[in-house]
Amino acid sequence: MINKVVANADEAIQDISSGMTLMLGGFGLCGIPENCINALVNKGIDQLTCISNNAGVDDFGIGLMLRKRQVKKMISSYVGENAEFERQLLSGELEVELVPQGTLATRCMAAGYGMPAIFTPAGVGTEVAQGKEIRNFNGKDYLMEMAFDADFAIVKAWKGDTAGNLIFRSTARNFNPVMAMAGKITIAEVEHLVEVGELDPDQIHTPGIYVHRIFQGKDYEKRIEQRTVRPKE
Amino acid sequence: MLDKTGIAKRIAKEIKDGYYVNLGIGIPTLVANYIPEGINIVLQSENGLLGMGPFPFEGEEDPDLINAGKQTITTLPGSSIFDSAMSFGMIRSQKVDLTILGAMEVSENGDIANWKIPGKMVKGMGGAMDLVASAKNIIVAMQHVNKAGESKLLSECSLPLTGVKCVKKIVTELAVLEIASGGGFRLLERAPGVSVEEIRKATTGKLIIEGEIPEMQI
Numbered sequence: 001m002i003n004k005v006v007a008n009a010d011e012a013i014q015d016i017s018s019g020m021t022l023m024l025g026g027f028g029l030c031g032i033p034e035n036c037i038n039a040l041v042n043k044g045i046d047q048l049t050c051i052s053n054n055a056g057v058d059d060f061g062i063g064l065m066l067r068k069r070q071v072k073k074m075i076s077s078y079v080g081e082n083a084e085f086e087r088q089l090l091s092g093e094l095e096v097e098l099v100p101q102g103t104l105a106t107r108c109m110a111a112g113y114g115m116p117a118i119f120t121p122a123g124v125g126t127e128v129a130q131g132k133e134i135r136n137f138n139g140k141d142y143l144m145e146m147a148f149d150a151d152f153a154i155v156k157a158w159k160g161d162t163a164g165n166l167i168f169r170s171t172a173r174n175f176n177p178v179m180a181m182a183g184k185i186t187i188a189e190v191e192h193l194v195e196v197g198e199l200d201p202d203q204i205h206t207p208g209i210y211v212h213r214i215f216q217g218k219d220y221e222k223r224i225e226q227r228t229v230r231p232k233e
Numbered sequence: 001m002l003d004k005t006g007i008a009k010r011i012a013k014e015i016k017d018g019y020y021v022n023l024g025i026g027i028p029t030l031v032a033n034y035i036p037e038g039i040n041i042v043l044q045s046e047n048g049l050l051g052m053g054p055f056p057f058e059g060e061e062d063p064d065l066i067n068a069g070k071q072t073i074t075t076l077p078g079s080s081i082f083d084s085a086m087s088f089g090m091i092r093s094q095k096v097d098l099t100i101l102g103a104m105e106v107s108e109n110g111d112i113a114n115w116k117i118p119g120k121m122v123k124g125m126g127g128a129m130d131l132v133a134s135a136k137n138i139i140v141a142m143q144h145v146n147k148a149g150e151s152k153l154l155s156e157c158s159l160p161l162t163g164v165k166c167v168k169k170i171v172t173e174l175a176v177l178e179i180a181s182g183g184g185f186r187l188l189e190r191a192p193g194v195s196v197e198e199i200r201k202a203t204t205g206k207l208i209i210e211g212e213i214p215e216m217q218i
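Line by line, the protein sequences are chains A and B.
FYI, in our numbering the residues of the first sequence are 1 to 233.
FYI, in our numbering the residues of the second sequence are 1 to 218.
Simulated from the structure, these hints should not be mistaken for laboratory data.
All the given hints hold, so there is nothing to weed out.
With a cut-off of at most 25 Å between alpha-carbon atoms, the simulated SDA-like pairs for lysine to any residue come out as follows:
| id | chain 1 | residue 1 | chain 2 | residue 2 |
| --- | --- | --- | --- | --- |
| 1 | B | K201 | B | T5 |
| 2 | A | K159 | A | Y113 |
| 3 | B | K116 | A | E127 |
| 4 | B | K123 | A | S91 |
| 5 | B | K120 | A | S91 |
| 6 | A | K140 | B | K168 |
Reference listing, derived: stretches of chain B covered by chain A, where coverage requires no fewer than 3 residues with Cβ under 8 Å from a Cβ of chain A:
| id | region |
| --- | --- |
| 7 | 42-54 |
| 8 | 130-140 |
From the three backbone atoms N, C-alpha and C, an ideal C-beta is built for every residue, glycine too.
Required output: the full structure, derived from the provided sequences and hints.
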């Protein structure tokens, strides 16, 4: 088996440089690549284009990169919960492309499946459709949306083996598998790195062919955005 | 007049046995609490879960298990988990029977605006544009008028649209209305204690009133 293991986040991101386009997995703060985000913040590169469903919160996740002004452009579906983001956006310091969530996921999927574009009804008749080709299939209008082209995809998985096979846990799966498929180079950080043979091939969510570098992450904070509970009966 | 709970209770009556349902943030989320006895449904959360269960007991929160509102939740026997592309695949291919969501404005031809106030609020559309573009049945849960006292049921939306000609039904604190096929808000039911005249005053778009309008049964 090909060994994809690198020592840590710093080694995994060593050749990411200013001006690149990155995909970052996660939904809200759930399933985000915490180790790599911290390494990117420490590396201090800037002018990045980040494709991620959300932009973190003010002091966690991609919010940390925004605070250091490392992001030139965000491509996201929902960016609430981040005051610094809203400030940079309204002042024009930050470029933002808001993309319907299903379109975002499917543009990742298209890249991973080797398809240049998709057709989706999401956004027809809205400002999202401006400047885009519209095709009518069976009486309904669809927008042509292009597959993403990202230099790196950075994902977080629950388990992975040294060959890069990944298993996600619960709703921390979200965008991670489709982004893993979509990067020119894909980096996976995992909570549990195991030897080949320890994962059941039938249970693999992302085959190792899509993953170029993998490492055992550490010190996961796994912050909860909206802690909602019910009283014990 | 209904409170938020009342709106949720009235919408719950629209849900049929065997439905897969996507609930938006806010009042729609409350609908889950009032599903009638004997009606079995599955809640879809677009971050990648079918079979959304109740909030966890205190101390049992799992940071890896959230809903699309980023709240900690639980699974149920029979739940399944999938990635974001598949989640919107099942939405786009109309496997989800009913979408219930909030709105800032609805127009008399069924257009909806709920994601942006230019120059003021930029949070994004999340999954709303995908949901409204594909759902077979869309019910809007909202207040009839905004905080400034202006009607949210208009001839045409003034805010940037989320989707066009997609809303089927609207439940507010005052009334249940449906979008008529030729355009217009057809008044179906009045909230308890609310007169047709009050609804007419609160509705800027074309209101269609045919015969006696019954009071809601909740």
